[in-house]
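Undergrad: Each chain, written out:
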Amino acid sequence: MQPDKVVIANASRRLPGDLAMWLFIGAELTAFALLFMVYTTSRALHPEVFALGQSQLNSHIGLLNTMALLSSSYFVVNAVATVKAARKHWAVTHLMIAMLFGLGYVALKSFEYYQSVSAGYGLTTNTFYQYYYLLTGFHYLHVILGLILLLLVTFKVAANHYTAEHINGLESVASYWHMVDVLWLVLFPLVYLIH
Amino acid sequence: MTDPIETAIPINENRRNFLSGSVGAGILGAIMAFVLIKITGVDREVIEKWLYMIIAMALITGILGTGHHYFWIGTPDYWQVLGSIFSALEPIPFFMMTLFAFSMINKRRREHPNKVAALWAMGTGVMAFLGAGVWGFMHTLAPINYYTHGTQITAAHGHMAFYGAYAMIVMTMISYAMPNMRGRVANSVRAQTFEVWGFWLMTISMVLITLFLTSAGVLQVWLQRYTDTPQGFMVVQDKLAIFYWLRFAAGASFLMGVITYIASFFIKGEVPSIANAAR
Ligand code: HEM
Chain A
1 MQPDKVVIAN
11 ASRRLPGDLA
21 MWLFIGAELT
31 AFALLFMVYT
41 TSRALHPEVF
51 ALGQSQLNSH
61 IGLLNTMALL
71 SSSYFVVNAV
81 ATVKAARKHW
91 AVTHLMIAML
101 FGLGYVALKS
111 FEYYQSVSAG
121 YGLTTNTFYQ
131 YYYLLTGFHY
141 LHVILGLILL
151 LLVTFKVAAN
161 HYTAEHINGL
171 ESVASYWHMV
181 DVLWLVLFPL
191 VYLIH
Chain B
1 MTDPIETAIP
11 INENRRNFLS
21 GSVGAGILGA
31 IMAFVLIKIT
41 GVDREVIEKW
51 LYMIIAMALI
61 TGILGTGHHY
71 FWIGTPDYWQ
81 VLGSIFSALE
91 PIPFFMMTLF
101 AFSMINKRRR
111 EHPNKVAALW
121 AMGTGVMAFL
131 GAGVWGFMHT
141 LAPINYYTHG
151 TQITAAHGHM
161 AFYGAYAMIV
171 MTMISYAMPN
181 MRGRVANSVR
191 AQTFEVWGFW
201 LMTISMVLIT
211 LFLTSAGVLQ
221 VWLQRYTDTP
231 QGFMVVQDKL
241 AIFYWLRFAA
251 GASFLMGVIT
261 YIASFFIKGE
271 VPSIANAAR
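From first to last, the protein sequence lines stand for chains A and B.
Note that my numbering has the first sequence beginning at 1, numbered continuously upward.
Note that my numbering has the second sequence beginning at 1, numbered continuously upward.
Just so you know, the hints here were simulated from the structure itself, not pulled from any lab data.
Source: prediction; values computed, not measured.
Hints may be right or wrong, so weigh each one.
Which residues of chain B face chain A? A few of them, derived with a C-beta cut under 7 Å, are [said to hold, decoys possible]:
#	residue
1	MET53
2	MET57
3	ILE60
4	GLY74
5	TYR78
6	VAL81
7	LEU119
8	GLY123
Calculated lysine-lysine pairs in the DSSO-like style (CA-CA distance at most 30 Å, straight line) [what the hints assert, rightly or not]:
#	chain 1	residue 1	chain 2	residue 2
9	B	LYS107	B	LYS38
10	A	LYS88	A	LYS156
11	B	LYS115	B	LYS49
12	B	LYS49	A	LYS84
13	B	LYS115	B	LYS38
14	A	LYS156	B	LYS49
For every residue, glycine included, the Cβ atom is placed at its ideal position computed from N, Cα and C.
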């Protein structure tokens with residue numbers, strides 16, 4: 001076997017980020033999976049309530065938010081790559097753009113909440129709105145936590161804290177951010193699109 | 001089916017809201033980590049990483065998991081969903097705790113002469129997982145808790161969880177700290193043997209208490225709740241008498257365990273040497 005191949009094989013088997021972060025992600029995904037299952041079951045039990053509720057959502061905003069999170073994830077990927085390539089300055093820029101997209105998500109989602117709440121729909125309106133607010137609300141809180149984490153690692157990148165070999169913290173946060181993204185990719189079709 | 005909650009429990013009887021699940025795992029983990037560092041000599045970094053993971057898991061599941069105490073007190077419906085989902089995950093940190101204790105003791109880098117402290121630490125892991133994790137999970141989903149709420153099932157869970165998580169962690173700590181405070185690294189082999197007897201007497205008795213209360217609970221739910229012809233609380237209590245007598249006997253043998261345990265403090269004998277031991 002050629003030596004450089006060995007290195008590549010090892011590199012691809014390495015877990016990006018901290019094992020503890022992956023356990024955390026595993027627990028989060030389990031909780032969301034249970035919520036998705038409860039949502040689906042409840043939808044099967046109350047088709048009319050859900051059909052009516054879903055038709056009241058704004059799927060254009062939902063689509064914009066999907067694009068915002070995907071773009072944000074893309075810039076986080078870039079940030080990790082630039083730190084590995086020792087171009088710290090670009091990494092900070094990429095992280096800032098990623099956070100802007102994340103903030104865009106928060107702004108749009110808040111606007112959506114504002115609209116539904118002013119239209120008189122609340123957590124206790126009906127089964128659909130109960131799950132709508134619980135599911136998207138949980139996800140919203142995760143986006144905010146992700147943004148705080150991104151902000152922390154941006155400071156650390158700016159302070160030259162990470163190098164190609166010592167990048168565990170940045171990778172952990174990036175993995176978390178991708179999880180937030182992936183969850184939305186399930187949530188968006190489930191709540192907005194599948195009628 | 002009649003509504004068991006309406007018929008059997010005064011609707012305004014507010015239940016205390018314990019944070020015991022999450023707080024339990026957190027406090028338990030912290031004290032356990034301390035004792036494990038002392039008796040196994042495993043690196044503090046390794047022990048702390050476990051501790052952080054356990055506490056993170058306890059928080060994620062525990063904060064909303066407490067919702068399982070809000071099911072039937074007049075709160076909005078969504079508590080049944082939140083409480084069920086998150087408390088169903090609460091056993092995870094307790095399971096991690098058991099793995100934690102056993103794997104640290106397996107990886108130990110010194111043979112600490114205080115063997116019985118290690119026994120208490122492992123026992124706490126197992127019993128907290130059984131009492132809180134398994135017996136808690138048994139009645140934590142809202143559709144099940146609807147029938148078991150406030151029955152002997154709750155009592156069975158409460159007994160084993162409190163003994164496993166709190167009583168045993170306190171005795172783990174005493175077992176480690178008392179000899180130190182009395183100026184020795186560990187008690188004599190004879191005193192430790194007595195303590196080990198106390199451990200097993202108490203622990204096996206608690207398992208029996210839990211099993212008898214669980215049997216009483218199953219019968220109670222069957223006669224009083226999960227039926228088309230529910231019987232009155234006191235009528236059913238009479239029919240549970242045999243389990244209460246058995247539980248009483250197990251309680252008596254638990255008391256023997258407590259006496260043996262306390263007696264071990266007064267047993268003399270040659271104190272193990274300091275060599276090889278942590279202080
Ligand atoms: C250190 C850990 C724990 C301790 C000491 C503990 C103790 C107790 C006690 C004393 C009660 C009775 C409260 C009352 O009647 O007001 C109780 C109730 C309950 N516990 Fe735990 N518990 C622990 C962990 C857990 C876990 C991890 C779960 C779930 C997986 C759980 C599920 C429940 C449920 C569902 C009830 C309500 C029972 C009912 O409806 O009557 N517990 N617990």
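Undergrad: So, for every hint listed, does it hold in this structure?
TA: Do the hints match the structure? See the list:
Contact between B/MET53 and chain A, as hinted, is supported at the beta carbon level, the nearest pair being about 5 Å apart and thus within 7 Å. Annotation: interface hint on B/MET57 holds; nearest CB of chain A at approximately 6 Å, less than 7 Å. Satisfaction of the interface hint for B/ILE60 is found here, the shortest Cβ-Cβ separation to chain A being roughly 5 Å, below the 7 Å cut-off. Interface restraint check: B/GLY74 against chain A, minimum CB-CB distance 13 Å, threshold 7 Å, status violated.
Against a cut-off of 7 Å between C-beta atoms, the interface hint on B/TYR78 holds, since the closest Cβ of chain A lies about 5 Å away. Taken as an interface hint, B/VAL81 checks out: its beta carbon lies about 6 Å from the nearest beta carbon of chain A, inside 7 Å. The interface hint given for B/LEU119 is violated, since its Cβ lies 28 Å from the closest Cβ of chain A, which is over the 7 Å cut-off. Hint on B/GLY123 is violated. Least Cβ distance to chain A is approximately 25 Å, over the 7 Å limit.
As the CA atoms of B/LYS107 and B/LYS38 are separated by approximately 13 Å, the hinted pair is consistent with the 30 Å bound. Straight-line distance between C-alpha atoms of A/LYS88 and A/LYS156 comes to about 10 Å, which keeps the hinted pair within the 30 Å bound. Taken as a hint, the B/LYS115 and B/LYS49 pair is honoured in the structure, with Cα atoms around 25 Å apart against an allowance of 30 Å. Between B/LYS49 and A/LYS84 the CA atoms are separated by roughly 26 Å; this keeps the pair inside 30 Å, and the hint holds.
Under the criterion of a C-alpha separation no larger than 30 Å, the hint pairing B/LYS115 with B/LYS38 is consistent with the structure, at around 12 Å. A distance of roughly 21 Å separates the Cα atoms of A/LYS156 and B/LYS49; the hinted pair therefore holds under the 30 Å criterion.
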